[in-house]
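Chains as they are written, first to last, in our numbering: chain A, 1 to 122; chain F, 123 to 204; chain W, 205 to 468.
Take the hints with a grain of salt, since some may be wrong.
As the list claims (entries may be wrong) - Pairs of lysine to aspartate or glutamate, DMTMM-like flavour, derived with a Cα cap of 20 angstroms:
{"hint": "1", "chain 1": "W", "residue 1": "K368", "chain 2": "W", "residue 2": "D316"}
{"hint": "2", "chain 1": "F", "residue 1": "K204", "chain 2": "W", "residue 2": "D316"}
{"hint": "3", "chain 1": "W", "residue 1": "K454", "chain 2": "W", "residue 2": "D296"}
{"hint": "4", "chain 1": "F", "residue 1": "K199", "chain 2": "A", "residue 2": "E115"}
{"hint": "5", "chain 1": "F", "residue 1": "K197", "chain 2": "W", "residue 2": "D316"}
{"hint": "6", "chain 1": "W", "residue 1": "K292", "chain 2": "A", "residue 2": "E7"}
{"hint": "7", "chain 1": "F", "residue 1": "K199", "chain 2": "W", "residue 2": "D295"}
{"hint": "8", "chain 1": "W", "residue 1": "K294", "chain 2": "W", "residue 2": "D416"}
{"hint": "9", "chain 1": "F", "residue 1": "K199", "chain 2": "W", "residue 2": "E298"}
{"hint": "10", "chain 1": "A", "residue 1": "K58", "chain 2": "A", "residue 2": "E107"}
{"hint": "11", "chain 1": "W", "residue 1": "K454", "chain 2": "W", "residue 2": "D316"}
Honestly, the hints are just simulated from the structure, not real lab data.
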Amino acid sequence: MSQAVSEFLRMLPFLVAAWLFVVGLYGIVTSRHLVHLIMCLVVVQTSTYLLLLGVGYKIGAAAPIFADIPVGTPAVDPVTHALMLTDIVVEATVMALLLALAIQAEERAGSVDPEQLRIMRG
Amino acid sequence: MIVLQAGILLFVGVIGTAVVFTRNPLNQVIGLTFYGLLMALMFFIFQAPDVAFSQIVIGAVVLPLMVLLTLAKLKVKEQRRK
Amino acid sequence: MNYQARTALFIVSGLGFLCFYIWGLHGLPGLGHYPGPYGNLINSLTVYERHATDAVTAVNFDYRGFDTLGEEFILFASVMGANLLLRKQKDDREEDPPLDRAQDRVVPPTSDAIRVTGLALVLPIVVFGLYTISHGQLTPGGGFQGGVILASMPLIIYLCGDYKAFDQVTSHVLSEVTEAVGAGGYAIAGLISIVFGLNYLTNFIPLGQTGDVLSSGTILLISVLTGLEVAGGLVVLMIAFFRQTLVYRKADDESREQDEPSRQ
Chain A
1 MSQAVSEFLR
11 MLPFLVAAWL
21 FVVGLYGIVT
31 SRHLVHLIMC
41 LVVVQTSTYL
51 LLLGVGYKIG
61 AAAPIFADIP
71 VGTPAVDPVT
81 HALMLTDIVV
91 EATVMALLLA
101 LAIQAEERAG
111 SVDPEQLRIM
121 RG
Chain F
123 MIVLQAGILL
133 FVGVIGTAVV
143 FTRNPLNQVI
153 GLTFYGLLMA
163 LMFFIFQAPD
173 VAFSQIVIGA
183 VVLPLMVLLT
193 LAKLKVKEQR
203 RK
Chain W
205 MNYQARTALF
215 IVSGLGFLCF
225 YIWGLHGLPG
235 LGHYPGPYGN
245 LINSLTVYER
255 HATDAVTAVN
265 FDYRGFDTLG
275 EEFILFASVM
285 GANLLLRKQK
295 DDREEDPPLD
305 RAQDRVVPPT
315 SDAIRVTGLA
325 LVLPIVVFGL
335 YTISHGQLTP
345 GGGFQGGVIL
355 ASMPLIIYLC
365 GDYKAFDQVT
375 SHVLSEVTEA
385 VGAGGYAIAG
395 LISIVFGLNY
405 LTNFIPLGQT
415 GDVLSSGTIL
425 LISVLTGLEV
435 AGGLVVLMIA
445 FFRQTLVYRK
455 ADDESREQDE
465 PSRQ
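Looking at chain A on its own, in the form it has when it is part of the complex (with noise of 0.2 angstroms):
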């Protein structure tokens, strides 16, 4: 029983990580509002967040800034935090891009329903 707790637990976080990717992927498949699917978007992008940080981690770490701790100190991949880091700051300018083309897609087509996009239907 503890063995299948515990397996269960290794893998949380990309068991976390593999279910917001589909589900932020559902909302964007049945998203009737652009910015409820630039939202669900943002949610999918959080998904790489919790596989990056199960990746980097290491039990009974700390983190890796050595100001107080001394050298040698075990301390969890600070290469993975550098992605994240970087990601998180060009995701909220991507994002403020995507919202900027919703405006114009509004203004375009009349209707904020990815649905009634005129020049997207096939």
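Using the hints provided, position chains F and W relative to the given structure of chain A.
For chains F and W alone, kept in the frame of chain A given last:
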């Protein structure tokens, strides 16, 4: 520690799902702000203070501001059409 | 394809995707069992090689400096794109005074207590942002976080004042110049190391004493330049969104509706 980590991961999963299934964008942006702060808490618990730092400001200030301004603009345009 | 068919197709394929995803995850080392030597090597080397005590900032602005340059240009390009999409169109006119409040609702005026508290917060926010940028190599922080904190200053002024106050403290030209100086300066800082006969973006400034503010060479320089770019870029975005929402209105609706059919 492991209980705290498992708890925050499950909480993030549940709130993320709730954000997707909130269909009204105005309600959803409140959920998204809460979700962003929850992510920041998760980064702290997983020993990533640098990441938590930028997530707090982006998730609590920049994203809600942009979304709310967009919704205000869309509402003005909708009123004009009537 | 209609809405129901698309949703049904997605539910089937999404569930299939989820199964394969979880199957693929099965081979990963579990949470807390970090496999690679790379992070451990960087953790044990940053303090000796770069005299920086925050390994994340050292990775960001030195070991992976070229990659961060690419991310910077994504940020630059998306700010430019959003600014372009939200510019004043030909048939826009400017609302004067700006429509700062919803017209169909009575909004109570901001209370004096909020105004005073907000104004008192402005200076600490600027100081904290500058501190975060300049101490990025020592403690958690750096150009990205500090830049975002600096950019939240005009927002505080909007929240406890009005759009007019926001308009007076921000300058579109100045923030654009700040952003451009940050982005260009980063690329030029890389070129300077070529002049010294080193590889692009190599640390060429003397490393200094570990723990000092002026230590770790180019990491501090690049952190400051990134802070300028992020702060400038976000303020440019805020100005664009505020103008689009509060100031610009279509001149007349009829002309637009008339030429609509010809566009189809």
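>> If you test the structure against every hint from before, which numbers come out violated?
In response: Going through the list in order, the structure violates hints 2, 5, 6, 8, 10, 11 and respects the others.
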